[in-house]
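Asks: Once you have looked at the hints, place chain P on chain Y.
In order, the protein sequences belong to chains Y and P. Residues in the first sequence are numbered consecutively from 341, following the numbering used here. Residues in the second sequence are numbered consecutively from 341, following the numbering used here.
Keep in mind that the hints are not guaranteed to be accurate.
The list cannot tell twin chains apart, which means a pair is met if one copy fits it or any two copies do.
[What the hints assert, rightly or not] With a straight-line Cα cutoff of 27 Å, these simulated DSSO-like cross-link-like pairs (lysine-lysine) come out:
{"no.": "1", "residue 1": "444", "residue 2": "484"}
{"no.": "2", "residue 1": "428", "residue 2": "512"}
{"no.": "3", "residue 1": "512", "residue 2": "446"}
{"no.": "4", "residue 1": "446", "residue 2": "484"}
{"no.": "5", "residue 1": "561", "residue 2": "484"}
{"no.": "6", "residue 1": "446", "residue 2": "658"}
These are calculated hints, taken from the structure and not from any lab test. Predicted, not measured: the structure shown is a model, and the values here were computed from it.
Protein chains: 2
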Amino acid sequence: MSSIEMIVAARARLRGHARRTPLLSSPFLNEIAGRRIFVKAECLQHTGSFKFRGGWSALSALEPTVRARGVIAFSSGNHAQGVALAAKLHGVPSVIIMPSDAPKLKIANTRALGAEVVLYDRATQDRDEIGAQLSGERKLTLIKPFDEPQVIAGQGTTGLEIAEQADEEGVKSAEVLVPCGGGGLTSGIALALEASAPTFRVRPCEPDGFDDATRSLASGKIERNATLTGSICDAIITPQPGNITFPIMQRLVGAGIVVSDDDALRAMALAFTRLKIVVEPGGAVALAAALFHGDQVGEENVVVVTSGGNVDADIFAKALELHG
Amino acid sequence: MSSIEMIVAARARLRGHARRTPLLSSPFLNEIAGRRIFVKAECLQHTGSFKFRGGWSALSALEPTVRARGVIAFSSGNHAQGVALAAKLHGVPSVIIMPSDAPKLKIANTRALGAEVVLYDRATQDRDEIGAQLSGERKLTLIKPFDEPQVIAGQGTTGLEIAEQADEEGVKSAEVLVPCGGGGLTSGIALALEASAPTFRVRPCEPDGFDDATRSLASGKIERNATLTGSICDAIITPQPGNITFPIMQRLVGAGIVVSDDDALRAMALAFTRLKIVVEPGGAVALAAALFHGDQVGEENVVVVTSGGNVDADIFAKALELHG
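For reference, chain Y alone in the conformation it holds in the complex (with noise of 0.2 Å):
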């Protein structure tokens, strides 16, 4: 369903609206990998992670009277931030379910960016049935987080920028390790590298005890995660690989890398004082596995992309003080 074809138009569709985002690189953080590391930095993507390009393809792709009537996501996160601000952006209502149990300030956030937030509380209430009851009343579509062609073209067009960076830093094969919750982001990057880039290979990285994605690939069918809760790592953690996503990967990506919590405070402290960017846990543990699972990897030349940076500054201050 997912093509290169279809990245290609949402690249068109993104252009003027999502930010090219630079290949950052530092002498330091080379010296600590012992290879070259460049570093895509989608957290200095609007609304601070890549979930705004899937976000934005998904609005633009949709016929324009059913986009009028709006668009519902489940989110308490990424997803829903880029959901609400590339709705507003194509001035059309959007309706985020979000647990009332989620930060503060990502469900300001959310609302602030012009979305409709209706809370639900998770031990007593079903989000499916709220949100199918909005979705009929209203005749909203449902923008799925990961799972949905239109999202992993969006996502897909880092891919796309990638190549071309990469390109013009002179590089002419390389490991792209891509942090991977669901796989929109990792299948679409190795979608986009399949076509413009055939000598680059991705490779998805996960925390920890959440690593659904590396056991399917390996067991060759997939797995899901025993918990749901107990990482660091939020942004990335989803029960298992998408139904679209993981044929892809299965297809075109290489073995997973795990990291833990720590390697991923670790490798945030290093963003901090080597590419002066803000990443937060789940959107660190490629970084971290460039610079700490440098065993696991094959290349001289390695593409990280750093995700996100949505992370409270708590958890931030506790990284720098573990490891500034």
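Replies: Chain P in isolation, oriented as in the chain Y frame:
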């Protein structure tokens, strides 16, 4: 002595070496300021500040046999690192004279970037004498931090990029707020914009108590700061505007804007939350001026330069603790 032709020539020499830093924005910052704010993120430049531009420009303009003998600079901070990396990439030696009580990390970084660091004791030794002796023996070329035409030309390339990037955003006129120490960045950007975006007006920004440029512009003659210690904005504390930079500023820039150290810390915390960039106190004064002193700004659109991000973890954590 400095001119748009020199800046255009510097841009050609910097191409492929200096980074074209992104122009960032956030609807949340626009809301605080009550106008559109665009942030030229020079903290993402190589070595974490705009100083690499001036260093590269000066080194690359030297006659090759002169350059091969090496360069020398006095600096405990961003200029040291900018010159050291520019020299390393040119394959020529650099000597940086630093006070022995400079932060250990900055000494270590400057050495790691390939420079020979010569430490001196502020209390008992004269750095100019040490520098003169070394320069004489080895025929090194002194790279001054701001009062040097090729350094000003390098910093001015930031202004050419601002003109292009603002045009891409549809901005037809703006005030351009620039952190101001000796005036190299301020005067370079002003010269660039005079030619490439004449409806844009530069405004220097300084910390309270170290407002030599603001007072000099007001009185029409070079004024000195009463003291050189006591601000957290170390990167932009200089005794007085330069003899080359001041006449350029006098001709081209508007009145200065003065902010408090606490304003700078607040701006750092907002840059963390809303832009996902790391800004040092001195690099944050222009953003602080746009956010908290908007009554002194006359345009609907403001471009602010965040000129550097070389801040110690404890100062950054303090900004987040107070204002995060």
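Asks: For every hint, state whether the structure bears it out.
Replies: Against the structure, the hints:
| no. | hint | verdict |
| --- | --- | --- |
| 1 | 444 <-> 484 | within (23 Å within a copy, 49 Å between copies) |
| 2 | 428 <-> 512 | between (39 Å within a copy, 24 Å between copies) |
| 3 | 512 <-> 446 | neither (40 Å within a copy, 34 Å between copies) |
| 4 | 446 <-> 484 | within (19 Å within a copy, 47 Å between copies) |
| 5 | 561 <-> 484 | within (22 Å within a copy, 63 Å between copies) |
| 6 | 446 <-> 658 | both (20 Å within a copy, 23 Å between copies) |
Hint 3 alone, counting from the list given before, is not met by this structure.
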